[in-house]
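With the hints as constraints, model all of the structure from the sequences given.
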Amino acid sequence: MEYFIGIVSILISGILTNNIVLNQSLGMCPFLGVSKKMQSAVGMGLAVTFVIAVASCVCWLLYTFVLEPLSIAYLSTIVFILVIASLVQLLDIVLKKLSPMLYSSLGVYLALITTNCAVLGTANSVVSQGLDFFQTLVTGIAIGLGFTVALILMAGIREKQSLYEIPKPFRGFPIALVTAGIMAMAFYGFNGLSFT
Amino acid sequence: MNKTVVNALKAVAVLTVISIVCVGLLAVCNMFFPKYKPTLDAATLSMINSICPTGVNDAEAAEGGHIIMLDSDEVGSIDAFNKANKKSKASVLAVYAEPKGDNAGAHIFECSSVGRDGDIVLLIAYNRGVIVGASVKKQGESYYDKLPKDLLDNAIGTDGSLDLYDIVGKTGATLSLNAITRALNISATYEKENSQRIDDALAKRAEAEKAEKAEKAENEKDGEEAGKAEND
Amino acid sequence: MTKDEFKKVALGGLTNNPVFVLVLGMCPTIAKSDNIMNALSLGLCTAFVLIFSNLIISLLRKIIPDKVHLPAYIIIIASLVTLVQMVVSSFLPSLNDSIGAFISLITVNCIILGRAEAFAGKNKVLPSIIDGISMGLGFVVSITLLGAVRQGLTLLFGKGFFDATAGGFVILGLMMAAFNAVYSLVKAKTEKRKLLNGRA
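Protein sequences, first through last, are from chains L, R and F. In the working numbering, each number is its position in the first sequence, counted from 1, plus 11. In the working numbering, each number is its position in the second sequence, counted from 1, plus 945. In the working numbering, each number is its position in the third sequence, counted from 1, plus 36.
Any given hint could turn out to be false.
[To be verified] With a cut-off of at most 16 Å between alpha-carbon atoms, the simulated EDC-like pairs for lysine to aspartate or glutamate come out as follows:
#1 F:Lys103 x F:Glu153
#2 R:Lys1031 x L:Glu170
#3 R:Lys1083 x R:Asp1064
#4 R:Lys1045 x R:Asp1104
#5 R:Lys1137 x R:Asp1104
#6 F:Lys228 x F:Asp133
#7 F:Lys158 x F:Asp199
#8 R:Lys1082 x F:Asp133
#9 R:Lys1031 x L:Glu79
#10 R:Lys1045 x R:Glu1138
#11 R:Lys1034 x R:Glu1008
#12 L:Lys47 x L:Asp143
#13 R:Lys1032 x L:Asp143
#14 R:Lys1034 x L:Glu170
#15 R:Lys1028 x L:Glu79
#16 R:Lys1091 x R:Asp1062
#17 F:Lys98 x F:Asp133
#18 R:Lys955 x F:Asp102
#19 R:Lys948 x F:Asp102
#20 F:Lys158 x F:Glu41
#21 R:Lys1083 x F:Asp199
#22 R:Lys1082 x R:Asp1064
#23 R:Lys1032 x L:Glu79
#24 L:Lys48 x L:Glu170
#25 R:Lys1149 x R:Asp1016
#26 R:Lys1028 x R:Glu1138
#27 R:Lys1155 x R:Asp1064
#28 R:Lys1115 x L:Glu13
#29 R:Lys1034 x L:Asp143
Please keep in mind that the hints were generated in silico from the structure rather than gathered at the bench. Owing to the predicted nature of the structure, the values given are computational and were not obtained by experimental measurement.
Pasting the structure below:
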């Protein structure tokens, strides 16, 4: 029962209380780059969720069964990033065939998922927290969903912002950052949420 | 062989060579870089002196050898112990002892476990198999303030194998609480397994000290006699 | 290498500032600029990796086949980062506590891969090193400046906002806007001067 509550709390912390973008400030590049339109935001969010979830699990498996037993844990950075790069390459090929529309809307940002701090960051944190496989899977999905939620909210706001005259120095990234800051403040309200 | 195959092989070869060179250099570094070893610094000594009082102040405790640190040569490989107890998700970082003072024969363990935001490191002092004092040496938890201030008092008098959640219940900082529990539990396991070894190590040290003192006394006597003979 | 070329590359850290202009390497910039020490140390580690990755990639640029240049770059960068991780965890344990987790994220810092792709992979060794130093310095100065501002504001207004993520976003956004405003002002002035000189 406690284990189940732990799983729920992982979900809540990943999406609301410890959001990867708004609390841990990882995954910024696509967050600022793709969040201008709602459609691309949803597609990006799902792609990133997939990569984070699968990458965390694969990296966890490699760490637990290969790197640690052989005492070569210091190679984890190299191994993890290669796993992530391969996964993104795989996703590239699969998306091209299965959903060309999504593929074209993501554009160059699909390849940039490789350098998304959120993916490597999650892989590192599941390993250092010593979670088991199922917890790792849930963490990956939760963090991905958190990223998607933040991205969709941001896209909604920015779509509305594009209708207004923004002062010249603020156009583009500065206003996006200030918006993100205000959103992060709003999310502080979730800090009170805890089952445990 | 046609060109594409040659190119593909060339690409693979280059990648392999780069990988081997990089991994090789890192392996060499890994062998030669010292692994971080905790030492008995002033802050740790002071903390040990407050949870397990020697009866003298910190400076005297350091000088007089009231609080000492034991290494793997004396108590067996701490790394091996941690490896064997990986499932506990906690580890022992260092072993200290108090050969003299009010709590002579006390064993103090520095244990760590992963909490919500990184490692929590505890110092736990045992005397005759029972916890006499404990404190948190290092933590970076976001919700640490939600834990009761006298949390570790619940561990005093026990053998360390308690579960703090049963005693304190919901605090809003369960991840931190569980980490502290795991650190306490691993110290209990270590105490049970290695208590005798630590006592033996302390006894050996005491004997070595005695022998050294005796030798010094002999040398002084010889020196005195030689001096007297010269003067005569 | 001509003097003009040198000037262009060396000033790259300012005109193409990775933080305020190119907007790359955001993650460590916001997360670890909450005080000056963190910002400076992480900035220096990043600069170190940037300079040496530029150097090595430029040295090997003719040997690495184009098809596999990305995985090759990634391996080289990741190895340099692992080296930094080892050095810090062995010799600077207190630093490890504060920025340890973010050192491994230097691997995916867009600045490093970006410069490797855009510059080091196509230019000779010396310009690449200069570019690495310039961009690295640009990053260090920017992130430390951000750190100083945030630490100062935290001292003035207390903890809870400016040293947290939300504050980081807002301050970075405001500083970026300020940088843009100053830059366009300077640009307008020099253009005006050029026009007037041309006339005269």
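Right, here's what the structure says about each hint:
1. F:Lys103 x F:Glu153: Holds, because 13 Å separates the two Cα atoms, which is no more than 16 Å.
2. R:Lys1031 x L:Glu170: violated (50 Å)
3. R:Lys1083 x R:Asp1064: Satisfied, since the Cα-Cα distance of roughly 8 Å is no more than 16 Å.
4. R:Lys1045 x R:Asp1104: violated (22 Å)
5. R:Lys1137 x R:Asp1104: holds (9 Å)
6. F:Lys228 x F:Asp133: violated (51 Å)
7. F:Lys158 x F:Asp199: Judged against 16 Å, a Cα distance of about 40 Å means the pair is violated.
8. R:Lys1082 x F:Asp133: With Cα atoms ~14 Å apart, R:Lys1082 and F:Asp133 stay inside 16 Å; holds.
9. R:Lys1031 x L:Glu79: Since the Cα atoms of R:Lys1031 and L:Glu79 sit roughly 11 Å apart, the hinted pair holds (cutoff 16 Å).
10. R:Lys1045 x R:Glu1138: Not OK: R:Lys1045 and R:Glu1138 at ~23 Å, beyond 16 Å, violated.
11. R:Lys1034 x R:Glu1008: violated (36 Å)
12. L:Lys47 x L:Asp143: The hint is violated at about 37 Å.
13. R:Lys1032 x L:Asp143: Cα-Cα ~11 Å, so holds.
14. R:Lys1034 x L:Glu170: violated (47 Å)
15. R:Lys1028 x L:Glu79: With Cα atoms ~11 Å apart, R:Lys1028 and L:Glu79 stay inside 16 Å; holds.
16. R:Lys1091 x R:Asp1062: Roughly 14 Å between the alpha carbons, so the hint for R:Lys1091 and R:Asp1062 holds.
17. F:Lys98 x F:Asp133: violated (40 Å)
18. R:Lys955 x F:Asp102: holds (11 Å)
19. R:Lys948 x F:Asp102: holds (15 Å)
20. F:Lys158 x F:Glu41: holds (15 Å)
21. R:Lys1083 x F:Asp199: violated (21 Å)
22. R:Lys1082 x R:Asp1064: holds (11 Å)
23. R:Lys1032 x L:Glu79: Holds. R:Lys1032 to L:Glu79 sits at ~14 Å (cutoff 16 Å).
24. L:Lys48 x L:Glu170: holds (6 Å)
25. R:Lys1149 x R:Asp1016: The given pair, whose Cα atoms are some 13 Å apart, holds under the 16 Å limit.
26. R:Lys1028 x R:Glu1138: holds (14 Å)
27. R:Lys1155 x R:Asp1064: violated (40 Å)
28. R:Lys1115 x L:Glu13: holds (12 Å)
29. R:Lys1034 x L:Asp143: holds (11 Å)
Checked against the numbered hints above, the structure breaks hints 2, 4, 6, 7, 10, 11, 12, 14, 17, 21, 27 and satisfies the rest.
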